[in-house]
Amino acid sequence: MLEAINLSKKYGEHQALKSLNLNVPAGETYCLLGQNGAGKTTTINLFLGLLKPSGGKTLINGVEVNMDKNTTNSMIAYIPEVVQLYGNLNGLENLEFFSRLSGHNHSKKWLVSLLSKAGLKEKHHTKKLSSYSKGMRQKVGVAIALSKNAQVIFMDEPTSGLDPQATAEFTAICKELVSEGKTIFMATHDIFNAVNVGSRIGIMKEGELIHSGKTLDLTAIELQDLYLKTI
Amino acid sequence: MSLYLLMFRQFVRTRICQLGLSMVLVLGIISIFIGKQFLDKQRATAAQVAETQQEHIKRNVDLHKDDLGLLLYYLKFAVVNDVSPLAGLSIGQKDINPSVQNVTILALEGQKYDADLVNPATLLFGNLDLSFLIVYVFPLLVIAFNYNLLSEEEEGGTWKMVSVMSVHRWRHLFTKMSVRAVLLFGVLIILFIIAAGILGIEYNLAFSKIILTSMLYIAFWFAIVAFIISLRRSSNFNAVALLFCWLIFLILIPAVLNNVIVNKYPMPEAFTTMIKQRDGYHEKWDTNKRETVEKFYKQYPQFSSYGFPSEASKLQWLWYYAMQNLGDVESKEESALLEAKVLKRDDVSQTWSMLVPSLHAQLIFNSLAGTGMENYLDFLNYTEQFHEKTRLYLYPKIFSYNKAEGVDWDRFKPEHVSFEAHITWSHLLLPFIGAIFLLVCATLISFRYFNS
Numbered sequence: 001m002l003e004a005i006n007l008s009k010k011y012g013e014h015q016a017l018k019s020l021n022l023n024v025p026a027g028e029t030y031c032l033l034g035q036n037g038a039g040k041t042t043t044i045n046l047f048l049g050l051l052k053p054s055g056g057k058t059l060i061n062g063v064e065v066n067m068d069k070n071t072t073n074s075m076i077a078y079i080p081e082v083v084q085l086y087g088n089l090n091g092l093e094n095l096e097f098f099s100r101l102s103g104h105n106h107s108k109k110w111l112v113s114l115l116s117k118a119g120l121k122e123k124h125h126t127k128k129l130s131s132y133s134k135g136m137r138q139k140v141g142v143a144i145a146l147s148k149n150a151q152v153i154f155m156d157e158p159t160s161g162l163d164p165q166a167t168a169e170f171t172a173i174c175k176e177l178v179s180e181g182k183t184i185f186m187a188t189h190d191i192f193n194a195v196n197v198g199s200r201i202g203i204m205k206e207g208e209l210i211h212s213g214k215t216l217d218l219t220a221i222e223l224q225d226l227y228l229k230t231i
Numbered sequence: 001m002s003l004y005l006l007m008f009r010q011f012v013r014t015r016i017c018q019l020g021l022s023m024v025l026v027l028g029i030i031s032i033f034i035g036k037q038f039l040d041k042q043r044a045t046a047a048q049v050a051e052t053q054q055e056h057i058k059r060n061v062d063l064h065k066d067d068l069g070l071l072l073y074y075l076k077f078a079v080v081n082d083v084s085p086l087a088g089l090s091i092g093q094k095d096i097n098p099s100v101q102n103v104t105i106l107a108l109e110g111q112k113y114d115a116d117l118v119n120p121a122t123l124l125f126g127n128l129d130l131s132f133l134i135v136y137v138f139p140l141l142v143i144a145f146n147y148n149l150l151s152e153e154e155e156g157g158t159w160k161m162v163s164v165m166s167v168h169r170w171r172h173l174f175t176k177m178s179v180r181a182v183l184l185f186g187v188l189i190i191l192f193i194i195a196a197g198i199l200g201i202e203y204n205l206a207f208s209k210i211i212l213t214s215m216l217y218i219a220f221w222f223a224i225v226a227f228i229i230s231l232r233r234s235s236n237f238n239a240v241a242l243l244f245c246w247l248i249f250l251i252l253i254p255a256v257l258n259n260v261i262v263n264k265y266p267m268p269e270a271f272t273t274m275i276k277q278r279d280g281y282h283e284k285w286d287t288n289k290r291e292t293v294e295k296f297y298k299q300y301p302q303f304s305s306y307g308f309p310s311e312a313s314k315l316q317w318l319w320y321y322a323m324q325n326l327g328d329v330e331s332k333e334e335s336a337l338l339e340a341k342v343l344k345r346d347d348v349s350q351t352w353s354m355l356v357p358s359l360h361a362q363l364i365f366n367s368l369a370g371t372g373m374e375n376y377l378d379f380l381n382y383t384e385q386f387h388e389k390t391r392l393y394l395y396p397k398i399f400s401y402n403k404a405e406g407v408d409w410d411r412f413k414p415e416h417v418s419f420e421a422h423i424t425w426s427h428l429l430l431p432f433i434g435a436i437f438l439l440v441c442a443t444l445i446s447f448r449y450f451n452s
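These protein sequences, in sequence, are chains A and B. Following full-length UniProt numbering, the numbering of the first sequence begins with 1 at its first residue and continues without gaps. Following full-length UniProt numbering, the numbering of the second sequence begins with 1 at its first residue and continues without gaps.
Since the hints were made in silico from the structure, they are not lab data. There's no promise every hint is true.
As the list claims (entries may be wrong) - With a straight-line Cα cutoff of 35 angstroms, these simulated DSBU-like cross-link-like pairs (lysine-lysine) come out:
| # | chain 1 | residue 1 | chain 2 | residue 2 |
| --- | --- | --- | --- | --- |
| 1 | B | 160 | A | 123 |
| 2 | B | 403 | A | 134 |
| 3 | B | 76 | B | 413 |
| 4 | B | 413 | A | 127 |
| 5 | B | 160 | A | 10 |
| 6 | A | 69 | B | 76 |
| 7 | A | 214 | A | 52 |
| 8 | A | 175 | B | 160 |
| 9 | B | 209 | A | 117 |
| 10 | B | 36 | B | 160 |
| 11 | B | 160 | A | 214 |
| 12 | B | 160 | A | 109 |
| 13 | A | 109 | A | 127 |
| 14 | B | 160 | A | 229 |
| 15 | A | 117 | A | 128 |
| 16 | B | 160 | B | 65 |
| 17 | A | 18 | B | 160 |
To be verified - What follows is a list of derived Cβ distance ranges for each label pair:
| # | chain 1 | residue 1 | chain 2 | residue 2 | range |
| --- | --- | --- | --- | --- | --- |
| 18 | A | 64 | B | 190 | 38 to 44 angstroms |
| 19 | B | 235 | A | 211 | 55 to 61 angstroms |
| 20 | A | 67 | B | 193 | 49 to 55 angstroms |
| 21 | A | 64 | B | 193 | 53 to 59 angstroms |
Claimed, not checked - To give an idea of the chain B side of the interface with chain A (calculated C-beta under 7 angstroms), a few residues:
| # | residue |
| --- | --- |
| 22 | 14 |
| 23 | 44 |
| 24 | 158 |
| 25 | 167 |
Idealized CB from N, CA, C, for every residue including glycine.
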């Protein structure tokens with residue numbers, strides 16, 4: 001589903017990503033761990049087509065991102081660390097806005113059901129965005145991804161700053177998405193969440209993927225040890 | 001709800017939109033009432049002229065009924081440059097250049113530039129008419145509404161979401177800009193509709209051209225904003241750069257151009273014309289009367305049958321009016337030079353305005369409203385013809401020593417005249433379309449460069 005082949009990115013003289021090779025099959029949750037500046041966000045941005053690679057290529061469902069961005073764009077959604085939405089629109093209107101922007105024309109009823117599915121209580125749907133917590137924004141972000149019916153959802157540290165309950169809710173949503181056949185590619189610092197939600201993990205250091213494997217055989221403690229040894 | 005309506009709702013809910021549109025609407029209505037005040041004053045003056053002239057003639061005829069020469073020394077005849085209702089939109093130079101000329105049949109040059117005293121403080125601040133609002137304030141709103149069109153999203157983080165969600169993210173930007181354009185053009189049209197109602201403007205070609213000029217001028221500012229946005233810099237940079245553009249187009253270039261024109265085309269003729277005219281007349285007091293009248297007959301051979309005054313007589317009206325006439329004749333060259341200089345200045349301004357849309361808009365507004373320099377020069381020329389026509393009618397009556405009762409005074413009603421501006425479509429459109437085309441090309445190149 002997701003493939004990075006000899007992917008590299010340079011910002012001036014700084015080599016942010018060094019010949020990354022990666023393969024994430026459909027229906028998996030890939031958690032990318034690493035310190036700040038390890039290259040996680042750069043990897044996501046390259047998959048999103050927001051950056052052009054200095055070398056190599058990224059493929060989504062066999063389509064090269066930089067060759068056919070329209071096609072790859074139609075397959076992906078993105079949930080950043082803080083889902084930035086339009087402050088003058090409420091949650092439902094933001095969902096409708098981004099849904100329309102992606103070319104979909106869902107009914108209001110359907111959009112309400114998506115927000116509810118993402119875990120946002122109905123009483124908050126039409127409230128001002130300024131009253132939303134970070135967790136509520138994440139839920140609108142998930143609803144936006146659902147509205148687009150994206151096959152791959154990229155998440156950049158989605159649980160950072162969320163309280164334990166919000167994190168647990170978010171994790172549950174992620175699992176549900178995967179059970180529906182979506183692929184999740186998540187950059188995170190949260191080792192426990194990575195073990196909990198991820199089917200595969202990768203550990204990056206200074207632009208290189210140092211470790212990549214399944215999480216099935218690992219406990220959170222073992223992963224933490226591995227992470228600390230790796231970095 | 002369509003995406004466009006959502007974008008519309010999103011923008012309409014912002015403070016800057018609510019404040020900006022309310023402000024321009026209030027200022028617009030004030031400016032229309034300022035225009036109405038100006039028109040009312042002009043109309044009241046024109047209405048008064050008819051009444052005053054009748055009274056003035058009657059009073060003087062009663063006083064000097066036996067001496068037509070003396071009577072016509074005092075009598076003034078009015079010619080009125082009718083003010084178009086469009087002048088309420090763009091007062092231009094109409095507040096300093098008189099719309100009514102009251103002239104005697106004595107030498108004209110000294111009377112041509114008689115004007116009412118104007119409060120210099122008013123001149124300093126200018127008129128807050130609708131054209132001022134369009135030329136100066138609307139660009140500020142275009143800037144305020146659009147300077148952070150993209151940078152706000154980049155700085156706020158929504159642009160990344162937009163880029164991932166939308167296949168056509170540049171279309172998204174264009175749509176955002178079009179929301180702002182629709183609102184501003186909407187307010188502009190509302191103001192024109194209000195102005196038409198209050199000022200009594202007919203929906204004719206000149207009015208349509210003023211509306212079109214306004215829209216193209218605002219579109220030009222949208223094109224400038226689009227270009228600055230395409231540089232993909234911060235909101236601060238965009239705001240400063242756009243304000244700088246505003247200063248350049250609306251303050252710096254007009255000031256420099258005015259300075260260049262004034263220095264390149266000085267008008268000493270304004271003074272020498274007056275001196276020549278006065279000398280032309282006064283020197284004749286010490287000149288042989290026959291010589292003066294001979295010169296006069298050269299101008300008007302049809303009066304040569306009236307003969308020559310005796311050198312001994314103190315004052316003879318034939319000789320006196322010949323002296324007055326020769327004042328105009330002898331200053332004719334300077335007067336023509338002065339007019340040519342004024343025309344040259346206007347011509348240079350017009351030429352340069354083809355490259356500066358803000359100047360072009362102002363000049364087009366003034367031309368169409370009949371408040372520009374060419375309208376005033378047309379009026380001065382007409383005044384000359386009117387003066388000549390009047391004196392040629394009255395000269396034989398004076399020279400024949402008619403009494404006041406021998407003249408049909410009822411025919412001397414104030415004469416009304418109006419001049420139509422001739423602005424071709426190409427002259428109106430080309431500067432705007434050219435500037436917008438160049439800016440759009442630059443914007444597309446810039447977007448392509450900064451996206452690669």
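Practice problem: Could you grab the alpha-carbon distance between residue 36 (chain B) and residue 160 (chain B) and see if it respects the 35 angstroms cut-off? | Solution: violated, 51 angstroms
Quiz prompt | residue 117 (chain A) paired with residue 128 (chain A) [C-alpha distance capped at 35 angstroms] | solution = holds, 20 angstroms
Quiz prompt | Status of the given 49 to 55 angstroms range, CB of residue 193 (chain B) versus CB of residue 67 (chain A) | solution = Distance hint for residue 67 (chain A), residue 193 (chain B) holds at roughly 52 angstroms.
Quiz item: Using the C-beta atoms of residue 64 (chain A) and residue 193 (chain B), is the stated range 53 to 59 angstroms upheld?
Solution: Given range 53 to 59 angstroms: holds, Cβ gap about 55 angstroms.
Practice problem: Starting from residue 413 (chain B), check that the Cα of residue 127 (chain A) is at most 35 angstroms away, please. | Solution: Outside the cut-off at roughly 73 angstroms; violated.
Practice problem: Sort out whether residue 52 (chain A) lies within 35 angstroms of residue 214 (chain A), counting only the CA atoms. | Solution: holds, 29 angstroms
Quiz item: Taking only the CA atoms, is the gap from residue 76 (chain B) to residue 413 (chain B) under or equal to 35 angstroms?
Solution: Holds, because 11 angstroms separates the two Cα atoms, which is no more than 35 angstroms.
Practice problem: Assess, step by step, whether the Cα of residue 69 (chain A) is no farther than 35 angstroms from the Cα of residue 76 (chain B), and give holds or violated. | Solution: Given that 35 angstroms is the threshold and the Cα spacing comes to 81 angstroms, the pair is violated.
Quiz item: Does the Cβ-Cβ separation between residue 64 (chain A) and residue 190 (chain B) fall within 38 to 44 angstroms?
Solution: violated, 51 angstroms
Quiz prompt | 35 angstroms Cα cutoff - pair residue 160 (chain B), residue 123 (chain A) | solution = Distance ~28 angstroms between residue 160 (chain B) and residue 123 (chain A) Cα, so the pair holds.
Quiz item: Within 35 angstroms, alpha carbon to alpha carbon, are residue 175 (chain A) and residue 160 (chain B)?
Solution: Status holds; Cα separation ~25 angstroms.
Exercise. Let me know if the C-beta of residue 14 (chain B) comes in closer than 7 angstroms to any C-beta of chain A, holds or violated.
Key: holds, 6 angstroms
In terms of the numbered hints stated before, the structure departs from hints 2, 4, 6, 9, 10, 16, 18, 19, 23, listed from lowest to highest.
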